[in-house]
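Undergrad: Heads up: the sequence lines are chains R and G, in that order.
Take the first sequence: its letter number 313 is residue 294 in this note's numbering, and every next letter is one higher.
Take the second sequence: its letter number 239 is residue 399 in this note's numbering, and every next letter is one higher.
Treat the hints with caution; some may be incorrect.
Computed list of lysine-lysine pairs in DSSO-like fashion (alpha-carbon distance at most 30 Å, straight line) [stated by the list, open to error]:
hint	chain 1	residue 1	chain 2	residue 2
1	R	K364	R	K389
2	G	K532	R	K364
3	R	K249	G	K573
4	R	K364	G	K437
FYI, nobody ran anything at the bench for these hints, they're computed from the structure.
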Amino acid sequence: MSAINYSEKIPNNVNLAEDRTLQRALEQWQPNFINWWDDMGPEGSTDMDVYLRTAVSVDPQGWAQFGHVKMRDYRWGVFLNPGEQDRQIHFGDHIGEKVWQDVPGEHRANLRRIIVTQGDTEPASVEQQRHLGLTAPSMYDLRNLFQINVEEGRHLWAMVYLLHKYFGKDGREEADALLQRNSGNEDNPRILQAFNEKTPDWLSFFMFTYFTDRDGKFQLCALAESAFDPLARTTKFMLTEEAHHMFVGESGVSRTIQRTVDVMNQLKTDDVAKLRAAGVIDLPTIQRYINFHFSVTIDLFGADQSSNAATFYSSGLKGRYEEGKRGDDHVLKGNSYKILSVEDGKLVEKEVPMLNALNEVLRDDYITDSKGGIDRWNRVITKAGIPFTLKAPHKAFHRNIGSLSGTKITPDGQVVNEAQWMAKVGEWLPTNEDRAFVASLMGRVVEPGKFANWIAPPVMGINRQPVNFDYVRFN
Amino acid sequence: MNAPTELFNQHLIDPEICIRCNTCEATCPVGAITHDSRNYVVMADKCNFCMACVPPCPTGSIDNWHMRPKSAAYTVQEQLSWDDLPPALSEAELLAMGADASAVATAVAEVSAQSASSSDPNDVFNSAAYGATVPPWSAAHPYTNLHGPKAPISATVVGNVQVNEAGTANETHHIVLDFGPMPFPVLEGQSIGIVPPGVDAQGKPHHARQYSIASPRNGERAGYNNLSITVKRVVEDHDGQPVKGVASNYLCDLQTGDAVQVIGPFGSSFLMPNHPKSHIVMICTGTGSAPMRAMTEWRRRLRQSGKFEGGKLMLFFGARTQKELPYFGPLQKLPKDFIDINFAFSREAGQTKRYVQDLLRERSADLFELLKDPNTYIYVCGLKSMEEGVVLALRDVVTQAGLSWESLGSSLKQEGRLHLETY
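Take these sequences, add in the hints, and give me the full structure.
TA: Shown next, in the form of structure tokens:
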């Protein structure tokens, strides 16, 4: 008496129908997952039919099937990118050897830890975002939020598949624990601190999906290089979905800026009080949100010097971003890398062995990538003819992890003392007033084609549908 | 010496919408997509149009196609330098670049037996330069290129009637095509391509001929998956030599129940405004009336619903005689307070020749009031030869009222308020 009709209910390309062990593990886990979704998933969404993209296979035609579905009935699938014949490990000490189809005993603990840490962030963000539907600025945005939520759910399934399939009893226990920890729960919190914070408003949500989901992208990219082939193939497929999350963030902030500059031009003012009275988010506040989310997110890459990072790389568990496109020896024993530290009240660069600095390498790649989007936001402002430029803050600003932790450094990279920091911090990071103001704009707008006053409509709809399509049916 | 320029549909990524997520590059099975720190671009010589990159794109920016001569394909370097997509080439520009008129027709419009008309280099007034390449701000979002030349969709003829008086020289038919359960969503102002069966003199399959849609977005019959086109039976070329138009004769002879191969829809700028109190000025000749019929009928249905407050509709319609004019009867039945109709006949026995531009000048006072209103949108559709006369007449109306045509003309273009579709 199987609780699940595997081929129908769980689209997969891992031969689930034939794998009795995996079936039994998932039979246990699936009802718990649905309970978790009901308790911790998007609030009040049970009866809604949402225009969602579902992956039913990994080929281009199959992985983006659109239709109105109830989220509870979403077909969370298990997908691996197609395998490459004779794929070889292409970095670290095992370079040139065949990739692993099973977990080598000596790397078991580290791999499990990597998968659990990644897996933990997926349900965590669903929990963080569960109230946002109540203040959606449009039906289009509500749909995008829900799409992200179900895909985070699918990413959880992807990690749970790896735990069940390759890690035996330990893996099953870890998979259960992923549903037991909760974001912000004092007794049993999520593993990474950024995933215990609240996502209080839609500007935070857009910033989170732009900056923090991009951290996810870079972690997934690094894991997609892994010598453990099932992990590499799983994360590669997850990246296709992750792109949508960053799209929601980038276009969401862009549309917020668009609306603000439109109103600035209408009222011919850059006066913050007047703009706030007109119900749009002033550019300095947007800059402060960027400073906050940027700095909190780059902490997620970990300490700037880490022996764990060196071990993960040398043993082939986790590569660098676009490892295959780099021209060095992919072993990195003699290489060095520059990291920042504070000496005599000044920021200085210092050379350290590259293997120990791999977190910093990934962080720097991330910074380059995320600055690209800020440049594109600036084009919206320039196009409107407004002399204002958004900037990514200095890498050392507002850091709480690594050697810069606790130092006081301004967004443009000047070391300051505690008093100077306190005097200016309200210009650099969102104040309680900023957050209260943004919160005051959050009202629910869900008639098709209507948008909240603080945000511009998107340039096009989802899947060639019009912007005023009924993306969510409330029933 | 001058072989006709070969055209192709160049695959482009809109840099304004793209978020540089790398999904397309990772998906492309032939490595046709590359990027630098600024843009993601498609290599024209590598892309094989397999479309594998289109569904995974989270933004829709990947789905852009510009008809260009192969020899003038945008290079990777050019595309990498873009901040936004350049406007697509118009039919006239493609022809000017040496493209074969019939090849242009597959993508842009029906060019039946077009004679080469040399343009006078001293003629500094270029009417086409005032035509907008962007839609009105309140246009609905169009679907385009859902069915390409390699995979046309089959439609069924459910009606074929002559819409001017039988026995007149310009026999014109109103043909209704039904798409059954297949998707073919359209907007007023868009067009479709018809692929005639059989092969041409060189033994190649006929290329598609383009026709404007004559029915509104919700169907020739409201609520049905059908649309109509207006087809003139071509029996002579522009110089008066007898020529039997391949597609038009095929279409005019169709019987109810026949199947027709269709591609499209096409067109994303010649679209009507949808905001309340927006005015529409329509200037057309002959079968150029098709998009005007579509827009008028949509506004009529909206008005009937009682839920939309339309603006003024003004129609300037030219034909050789009243008997030749398509849809003359139905037009007469429209209420006067709904649409202001002006006819010009150039070959009516016993009357002086009158062209649409003459009507424009006669109505200059009313027209000027509309022209200066930012909610007015102007549509011109018909034979190429009318375009310049019409734009010059508009210029005269504006300058005689003491305004600058250069500034009004350029804002009409930039705001998507003057649309020219001539062939």
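Undergrad: Does each hint fit the structure? Answer for all of them.
TA: Checked hints:
Taking the CA atoms of K364/R and K389/R, the gap is about 35 Å. The hint is violated against a cut of 30 Å. Distance hint between K532/G and K364/R is fulfilled; the C-alpha atoms sit about 26 Å from each other, no more than 30 Å. With a C-alpha separation of about 25 Å, the suggested pair K249/R and K573/G falls inside the 30 Å cut-off, and the hint holds. For the hint linking K364/R to K437/G, the alpha-carbon distance of about 29 Å falls within 30 Å, and the restraint holds.
Violated hint for the displayed structure: number 1, the only one.
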